[in-house]
Each structure stands twice: as structure tokens, then as C-alpha cells.
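**Student:** Chain by chain, the residues run as shown.
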Amino acid sequence: MSKANRTLKKIKHQGGRIVPHLILITYMVIALFPILLILINSFKNRASIFNSPFSLPNAETFSLVGFETVFGRADFERYFLNSSIVTLASLLFTLLIGAAAAYALTEYKFKGSTFLSIYMAIGIMIPIRLGTVGILQLMVRFGLVNQLLSLILVYVAMNLPMTIFILSNFFQQVPVELKSAARLDGASEYQIFGLVIPLVRPALGAIGIFTMIPIWNDLWFPLILAPGTKTATITLGVQQFLGQFVSDWNAVLASLTMAMVPILILYLFFSKQMVRSITAGAIK
Amino acid sequence: MVTKQRKKFPFYIVVFLAPAVIIYTIIMIYPLLASLGLSFFSRTSDNQYVFAGFSNYVTLFTDSFYMPRILGALKNNVIFSLIHLVIQNAIALLLAALVASKGRLRNFYRTVIFMPTVLSFVIIGFVWNLILNPLWGVSESILQAVNLGYLFKPWLGLPDTALITVSLISVWQFMGIPMILLYASLIGIPEELMEAANVDGANGWQSFWKIKFPLLLPTVGVVMILTFVGNFNAFDLIYTMKGANAGPEFATDILGTLFYRTFFGQQLQLGNINMGATVAAVMFLIILTGVLFYVFFWQRRVQNYEM
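Sequence lines, in order, name chains A and B. Quick note on numbering: the working numbering labels position 64 of the first sequence as 106, and the sequence is numbered without any gaps. Quick note on numbering: the working numbering labels position 291 of the second sequence as 323, and the sequence is numbered without any gaps.
Mixed in with the good hints there might be a few duds.
[Claimed, not checked] Partner residues aside, some chain B positions facing chain A, computed with beta carbon under 7 Å:
hint, residue
1, Ile59
2, Phe73
3, Ser87
4, Tyr89
5, Pro148
6, Met256
7, Asp268
8, Ile318
[Said to hold, decoys possible] Listed next, the stretches of chain B that the computed footprint assigns to chain A, with coverage defined by at least 3 CB atoms under 8 Å from CB atoms of chain A:
hint, stretch
9, 42–55
10, 99–106
It is worth saying that the hints were derived from the structure and are not from the lab. All of these numbers come straight from a predicted model, not from anything done at the bench. The C-beta atom is built at its ideal place from N, Cα and C for all residues, glycine as well.
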């Protein structure tokens with residue numbers, strides 16, 4: 043092969059490596075730019091938000107006036123607490139109840155177990171929102187409107203089908219010998235369940251992360267079941283606050299930043315596990 | 033596996049299953065059926081429910097008030113969904129293929145591309161409302177920077193462009209999900225398969241479409257049905273950006289916003305439980321059709337193909 047030919051090939055080869063990076067970087071900019079724009083402008087004064095929206099805040103333009111308004115006017119601490127309670131409680135009950143059901147459905151074959159598996163799987167594809175009229179009537183009857191419990195119940199019911207489906211796959215992989223040995227030792231079925239649970243911990247973690255985000259971000263059910271100021275979640279609280287302060291740009295940008303940052307930090311913290319769990323599921 | 037304690041009634045099975053079955057049945061299945069049931073009733077002036085057969089459905093599709101709304105929402109929802117199915121999946125496939133082939137920076141790209149997906153609709157909606165707001169002028173100055181300033185319009189405010197704009201924002205937000213699912217199944221394809229193809233002289237482009245893509249079809253199916261269900265159930269983004277009236281002139285009205293307005297009422301329109309339930313039932317039928325098509329047609333086809 044001549045030298046010129048080799049160089050040409052090299053250039054071609056490098057082009058083949060650069061173009062994908064260029065495409066990915068372009069898309070990355072598209073994905074990140076709107077978020078960054080809000081973040082940097084939330085730390086600037088009003089004049090600079092409008093005059094130089096693309097520049098970083100400096101000593102002259104730096105301002106926290108937006109954050110001051112938000113802390114003065116909105117009950118963000120309460121909204122944050124409400125969202126945390128709802129999300130954590132829903133998560134805990136979904137995992138506990140879902141794991142027990144998934145274990146029973148894979149471990150014991152009884153009359154109707156196949157039917158029950160299919161019955162529980164309906165909710166994977168049919169969105170619970172379509173039953174909103176019925177859910178609201180039910181919550182009114184139980185006196186649960188404007189109570190966080192109504193949200194927790196809905197989110198548990200909503201996430202059970204997928205949780206049971208995924209966990210069933212994992213329980214099937216638990217070696218039979220382990221359970222038979224425990225039974226020979228006289229362990230009760232509950233003790234065996236307790237023995238098996240740690241073995242599916244990665245799956246529990248993955249389900250936890252994936253159910254958490256939609257619950258935290260949901261607007262529909264807080265809006266319908268718990269719209270009161272005392273029970274407003276962060277998503278609903280931000281939505282209502284932003285609606286009132288549309289013209290106060292500092293406040294709007296600051297509240298958006300405050301709503302974004304915690305979830306982004308959480309995401310960066312867990313993103314590796316998240317992807318790993320999806321990839322593991324796909325390979326299996 | 034069958035337990036040996038057959039003679040005793042296996043009470044523990046009930047303990048394991050009861051909480052899940054009870055909560056799921058009461059909070060999900062019963063309200064769903066009750067809502068479907070309510071669509072066959074109407075409320076008389078003295079607050080009594082009377083059986084009305086299909087009359088609510090007839091009203092929905094023929095009444096001079098409801099008909100334009102339901103037809104408009106259906107049309108908009110189809111457009112909304114098609115934009116996702118075509119644009120989102122095409123870009124997601126491209127990104128997934130590129131991310132999967134890049135060794136060192138793979139994690140970094142993946143993490144950033146997924147970022148908008150973890151944010152709530154409310155945040156995304158307001159962020160884009162601000163960015164597209166002519167008052168702030170950010171989008172205009174970006175377009176001007178590349179000499180395309182004349183293209184700028186208040187896209188969200190014009191009936192012709194509002195729906196497409198909102199759809200593209202939703203595409204932007206959810207790009208991470210199809211990307212990561214496709215990526216996961218791409219990196220699950222055994223290396224030997226690709227090496228064999230390279231030995232046979234196939235180039236990257238050919239081997240992608242001939243070997244990898246067919247293996248991706250089950251995932252493509254999952255992505256499509258998820259997109260479909262999500263789109264015909266969408267509400268939050270449009271409610272945040274355009275309000276329950278899905279303006280301008282109902283240009284961004286989809287089934288979710290119509291359902292909300294019909295059920296709860298909005299401004300001049302009084303809330304109507306039975307008509308709300310009827311809209312929900314229409315959504316249910318559409319989603320059910322899609323799911324059944326996926327389960328009985330796509331999954332089977334793809335399975336045959338794999339064999």
C-alpha cells in the first residue's frame with residue numbers, strides 16, 4: 043500500500059470517528075442548553091436576563107432576588123416534604139407488597155395462579171388515569187380527598203403490575219435448592235421469603251428508581267385528588283406558583299432552578315445503576 | 033414449584049397475595065370499570081343516574097358542542113403521536129447506535145441525553161415557554177446568530193404551529209427512553225455476530241440494517257407501544273404550557289386535555305361526570321386496540337421472524 047493511500051485511509055478512518063462524535067455533541071447541546079440557560083439566568087438580575095441571556099452571571103449581574111421572592115411567597119419546604127412523603131411511602135409499599143405477590147405467584151402453583159398473573163398484568167399497559175372518574179368518586183366516598191394517603195394508594199396500585207412482572211422474572215432465577223434446604227430445616231414460608239428477598243435486591247433498586255421519577259413528577263393526580271395547599275406536591279406547587287408569577291422573571295427562573303436541581307443531582311447519582319438495570323434486563 | 037404441605041390450607045399464599053390483589057382491584061380495576069360503566073349512564077335534573085345506553089357516545093360524536101372538540105382532539109392526538117413515532121424513534125435509533133459504538137465517552141453521552149427525561153412536565157413546559165417567548169427573545173437571537181432570524185415566529189401562539197411545537201418539545205423531553213432501550217438491546221447483540229458479518233465483507237451500514245436492526249425489532253415494538261400508550265394518555269405538558277383550554281383555538285387540544293375539561297369543566301363549560309367518563313372510555317378503546325395489536329400482531333410476527 044502506498045504512503046498516500048495509507049494517509050487517505052487514515053483521514054477517512056478519522057472522519058468516520060469524528061462524525062459520530064459531532065452528531066452526539068450536537069444533540070447533547072440540544073438536550074442541555076435549555077436547562078443550562080434557565081440555571082445561569084436564575085442567578086442574574088432582571089436587566090441582565092433580558093440584555094445578555096447567554097452570558098454567565100458576573101459580579102455585576104449576580105442577583106438572588108428571584109430566590110428571595112420564592113422563599114418569601116411559596117411554601118416550598120412543605121411541597122418538598124409532601125412529595126418526599128408520597129414518593130417514599132409509595133415506593134416502600136409498592137416494593138413490599140409487590141415482592142410478596144410476585145414471590146407467591148412464582149413460587150406456588152395453585153388453582154387460578156395463571157389467571158391471577160394475567161389479571162395483575164393488565165395494569166402494565168392500561169394507564170390508571172383512564173379510571174380517574176371512578177378513583178375520584180372512591181376517594182370522595184372514603185373521605186381521602188386532599189389527603190396524601192389518596193396519592194400513595196393510587197401510586198401503589200399504578201406501580202404494582204410492573205413491579206410484580208419484573209420481580210417474578212427475578213424470583214424464577216433463585217435456585218430451588220436454597221429454598222428446599224431451608225424447608226428441610228423447618229423454615230416457615232415467611233422465613234424463606236425473607237431469605238430470598240436479599241437475592242433480588244438489584245431488581246428492587248432498579249424498580250425503585252424507575253417508579254420514583256414518575257411519582258415525583260406527576261401532575262395529574264395531585265391536581266385532581268389533592269389540590270389543597272396543605273397537600274400540594276412540589277410539581278403541583280411549582281405549577282401553581284409559576285402560574286401566579288408569570289411576569290416575575292427572576293422568581294420564575296429561580297423556582298424552576300429549585301425544582302430542577304434536586305432531581306438532577308439525584309439522577310446523576312443514580313444514573314449508572316439505572317442504565318445498568320435496563321441493560322441487564324435487555325441481555326437477559 | 034409445588035409445595036409439599038398440600039393437606040393444610042396454604043394460608044401464607046393469601047397473606048402474600050392479598051395486599052397486592054386488594055389494592056390493585058379497589059384502586060385500579062374497580063374505578064376503571066366504574067368509569068366505563070358511568071359512560072352508559074346520564075344524570076337527571078334531580079341527581080339520579082339513569083341508564084342511557086350509547087347515548088353519551090352519540091352525543092360526543094354528533095352534538096354541535098362536543099363533536100368539533102372530540103374530532104379535533106382525535107386529529108391532534110394522531111398528529112402528536114405520529115410526530116413521536118417517526119421523529120423520536122428515528123433520532124433515538126441514530127443516537128443509540130452512535131452511543132453504543134463509542135467506547136470511552138459512552139456513559140457521558142448517555143447520561144446527558146437522558147437528562148431532560150427525568151425532569152417533570154411542569155419544569156419542561158415552563159422552560160420552553162420562556163425560551164420560545166418573544167418577550168425574552170432567546171430563540172430569536174439564536175436564529176439570528178445563524179442568519180435565520182426571519183424564521184422566528186411566536187410558534188406556541190399560532191394555531192398552525194402550536195401543536196407541532198408542543199409535540200417536538202415532548203419528543204425532546206422523552207428522547208432518553210427509546211434511546212436507552214434501543215441502546216441496551218444494541219449492546220446485548222453478541223460481538224461474534226458482527227465479526228462474522230465483517231468477515232463476509234459487509235460494511236457498517238449494511239451490517240447494521242441487515243443484522244442488528246432485525247434483532248432490535250422486539251425493542252422497537254416495545255418502544256412503539258410505550259410511545260403510543262403514553263401519547264394517547266398525555267396531558268401534563270399541554271396543560272402546563274397551554275392550559276386546560278389547549279389554545280390557541282384548541283389547536284393543541286388532545287384527548288387528555290379534553291377529558292380533563294369535560295370531567296371538571298372549564299370556564300363556560302360545566303363539568304360532566306358521565307361525558308368525562310365517555311371521553312375516558314374512548315381513550316381506553318384506542319389504547320386497548322393499540323395494545324391488542326401489539327400483543328397479537330407485532331409480538332407474534334417478530335417472534336416468527338426471529339426463528
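**Student:** Next step is simple, just say for each hint if it's right about the structure.
**Tutor:** Comparing the hints with the structure gives:
| no. | hint | verdict |
| --- | --- | --- |
| 1 | Ile59 | holds (4 Å) |
| 2 | Phe73 | violated (11 Å) |
| 3 | Ser87 | violated (17 Å) |
| 4 | Tyr89 | violated (15 Å) |
| 5 | Pro148 | holds (6 Å) |
| 6 | Met256 | violated (13 Å) |
| 7 | Asp268 | holds (5 Å) |
| 8 | Ile318 | violated (10 Å) |
| 9 | 42–55 | holds (count 10) |
| 10 | 99–106 | violated (count 0) |
The structure shown violates the earlier hints numbered 2, 3, 4, 6, 8, 10.
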